[in-house]
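Everything in the sequence shown is counted per the working numbering, starting at 44 for the first residue and increasing by one.
In case anyone wonders, no lab produced these hints; they're calculated from the structure. This structure is a prediction, so every number in the text was calculated from the model and none was measured. Where hints are given, some of them may not hold.
So the derived label-pair ranges between C-beta atoms look like this [as the list claims (entries may be wrong)]:
1) R220 x N297: 34 to 44 Å
2) R216 x V291: 14 to 24 Å
3) L278 x K230: 29 to 39 Å
4) K172 x E298: 30 to 40 Å
5) I234 x G137: 30 to 40 Å
Straight-line C-alpha distance at most 27 Å; calculated DSS-like pairs for lysine-lysine [claimed, not checked]:
6) K236 x K273
7) K280 x K267
8) K253 x K273
9) K260 x K270
10) K132 x K302
11) K253 x K236
12) K293 x K270
13) K260 x K293
14) K143 x K218
15) K270 x K253
16) K163 x K218
17) K302 x K172
18) K163 x K270
19) K172 x K273
20) K267 x K277
21) K267 x K226
22) K240 x K280
23) K293 x K132
24) K218 x K253
25) K277 x K230
26) K124 x K236
27) K293 x K236
28) K273 x K302
29) K253 x K230
30) K302 x K240
31) K143 x K277
32) K236 x K143
Think of the CB as a built atom: it goes at the ideal place given N, C-alpha and C, for glycine as much as any other residue.
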Amino acid sequence: MFTIDSGSTVAYSLGSNFSRLYVFSPLPVEHQVSMNLLRTNQRTFNVPNSFRAQLSKKLMIKLRLQLFMEMTGDISSQKGKLRRSIWSKMEREGLTLFPKPCFGRIPNFLGADRAAARLKEIPEYRRAKIVLVNPDAAQAPVRMMALLDGKTVVMPTPRLRRGFLILEPDRVRGKERLASTIKGAFKYGRIAKALPKVDFVVEGCVAVDKTGNRLGKGGGYGDKEIKLAKRVSKLVKVATTCHSTQVVDKVPFNESDEKVDYIATENDLIRIDGKTEGKGPLKGS
44 MFTIDSGSTV AYSLGSNFSR LYVFSPLPVE HQVSMNLLRT NQRTFNVPNS
94 FRAQLSKKLM IKLRLQLFME MTGDISSQKG KLRRSIWSKM EREGLTLFPK
144 PCFGRIPNFL GADRAAARLK EIPEYRRAKI VLVNPDAAQA PVRMMALLDG
194 KTVVMPTPRL RRGFLILEPD RVRGKERLAS TIKGAFKYGR IAKALPKVDF
244 VVEGCVAVDK TGNRLGKGGG YGDKEIKLAK RVSKLVKVAT TCHSTQVVDK
294 VPFNESDEKV DYIATENDLI RIDGKTEGKG PLKGS
C-alpha cells in the first residue's frame, strides 16, 4: 500500500493474472456527510499484472478525480442529462419559438401566452402589486400580462450584472409589449441595485416536477433570484411557466436549490400540494 496525491491511497490485492486496485479518495470536509459515505468512497479496478508496474502517479490522480466526480457530481450530471433531454425533445417536436435553438436557454415555448394566463387563477398573483419575473423570452408574456394588469414588474438584468429593472405600469401604458422585452425594459424601466420587496415571483425553467423541484439552465441565477426575493419577502410564493413537456416525473435536486409553489403550463395549473387546477380551456377562451 502507498499514498499519493493529497492523501489518496492505492492498495493492490494480488491475483494470478490480475491485481485488484483499490482507490480510496477522501472527500473534502463539506462532502463528508456521513461515515457510511466515507466507507463506500472507494472504487475497484482490475489491472493486468503485466501493467501494474507501469501505473503512474498521473494515472492514479486521474482515477481519483474520476471517483471524486462520480461521488460529488452525480446530481450535477443527472441535471445535465435532463436538460439535454428536454432541449432535444422540444426542438425535435417543434415546441420552441425564437430564440432558437433552445439549447443552453430557458426554452421559449409554444403556448407561453396561455401558460401566462393561467397565473391569473392564483390568488397570490391576483393580489400582488409588485411581481418579480425572470428576463427570459419564455416569460415575456408574463411580464406583459402583469403590466396590463396594473402591476409593477421587477425584472432581473441578465446575469444580474446591473441589478434589477423596475417597470411601472403607468409609465409604459400602450407600450406594454415592448416594455416586456429586455430591450424595452432597459428603455422604459429604471435600474435598482437592490431587489425591492415583491409580492409574487415567476421564474422560468428547463424542467420541473410536481413536487416543485425546478431545473434552470445551469447558471444558478434563477435560484439566486428566488433566494433574494425570499430574503426581502419571506413568505412570497413562486410560480414557473413552461410547456407541459417540461413537467417531468423527477428533477434531480440539491438542498440549495429553490422550489416553486405553482406550475402553469399551456394546459393546466398545478399547485404543489398534489392538486391540479384550471385543467382544460381557459375562462373566456
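A quick look at each hint next to the structure:
Against the hinted window of 34 to 44 Å, the Cβ-Cβ separation of R220 and N297 comes to about 37 Å, which satisfies the hint. In this structure the hint that R216 and V291 lie 14 to 24 Å apart at CB is violated, the actual value being about 39 Å. Judged by the Cβ atoms, the range 29 to 39 Å given for L278 and K230 holds: they are separated by roughly 33 Å. Under the hint 30 to 40 Å, the C-beta atoms of K172 and E298, about 32 Å apart, fit the expected range.
Separation of I234 from G137 is about 38 Å and conforms to the stated range, judged on CB atoms against 30 to 40 Å. A threshold of 27 Å between alpha carbons decides the hint, and for K236 with K273 the separation of about 17 Å falls inside it, so the pair holds. With a C-alpha separation of about 15 Å, the suggested pairing of K280 with K267 holds against the 27 Å cut-off. For the suggested pair K253 and K273, the alpha carbons sit about 21 Å apart, so the restraint of at most 27 Å is met.
Taking the CA atoms of K260 and K270, the gap is near 17 Å; set against the 27 Å cutoff, the hint holds. Between K132 and K302, the direct Cα distance comes to roughly 24 Å. Compliance with the 27 Å bound is thereby established for this hinted pair. Annotation: proposed proximity of K253 to K236 is violated, straight-line Cα distance about 34 Å (limit 27 Å). Note on K293 and K270: the hinted pairing holds, with a Cα-Cα distance of about 22 Å set against a maximum of 27 Å.
Only pairs whose Cα atoms come within 27 Å are accepted, and K260 paired with K293 is accepted, the gap being roughly 16 Å. This hinted pair checks out: K143 and K218 have alpha carbons roughly 25 Å apart, not beyond 27 Å. For the proposed pair K270 and K253, the alpha carbon gap of about 20 Å is at most 27 Å, so the pair holds. This hinted pair checks out: K163 and K218 have alpha carbons roughly 21 Å apart, not beyond 27 Å.
A C-alpha spacing of about 22 Å is found between K302 and K172, which places the hinted pair at or below 27 Å, so the restraint holds. A distance of roughly 24 Å separates the Cα atoms of K163 and K270; the hinted pair therefore holds under the 27 Å criterion. In summary, the hint linking K172 to K273 is supported, as the alpha carbons are separated by about 16 Å, within the 27 Å threshold. The hinted pair formed by K267 and K277 meets the criterion: a straight-line CA distance of about 14 Å does not exceed 27 Å.
Restraint check for K267 and K226: the C-alpha separation of about 23 Å stays at or below 27 Å, so the hint holds. A distance of roughly 13 Å separates the Cα atoms of K240 and K280; the hinted pair therefore holds under the 27 Å criterion. The suggested pairing of K293 with K132 holds, with an alpha-carbon distance near 17 Å, which does not exceed 27 Å. Taking the CA atoms of K218 and K253, the gap is about 36 Å. The hint is violated against a cut of 27 Å.
Between K277 and K230 the CA atoms are separated by roughly 31 Å; this puts the pair beyond 27 Å, and the hint is violated. For a cut-off of 27 Å, the pair hint linking K124 to K236 is broken: about 35 Å separates their Cα positions. Note on K293 and K236: the hinted pairing is violated, with a Cα-Cα distance of about 35 Å set against a maximum of 27 Å. With a CA separation close to 12 Å, the supplied pair K273 and K302 stays within the 27 Å bound.
About 37 Å separates the Cα atoms of K253 and K230, which puts this hinted pair outside 27 Å; it is violated. Between K302 and K240 the CA atoms are separated by roughly 19 Å; this keeps the pair inside 27 Å, and the hint holds. Using a Cα cut-off of 27 Å, the hinted pair K143 and K277 is violated, with the two alpha carbons roughly 36 Å apart. Proposed proximity of K236 and K143 is contradicted: the alpha carbons are some 31 Å apart, above 27 Å.
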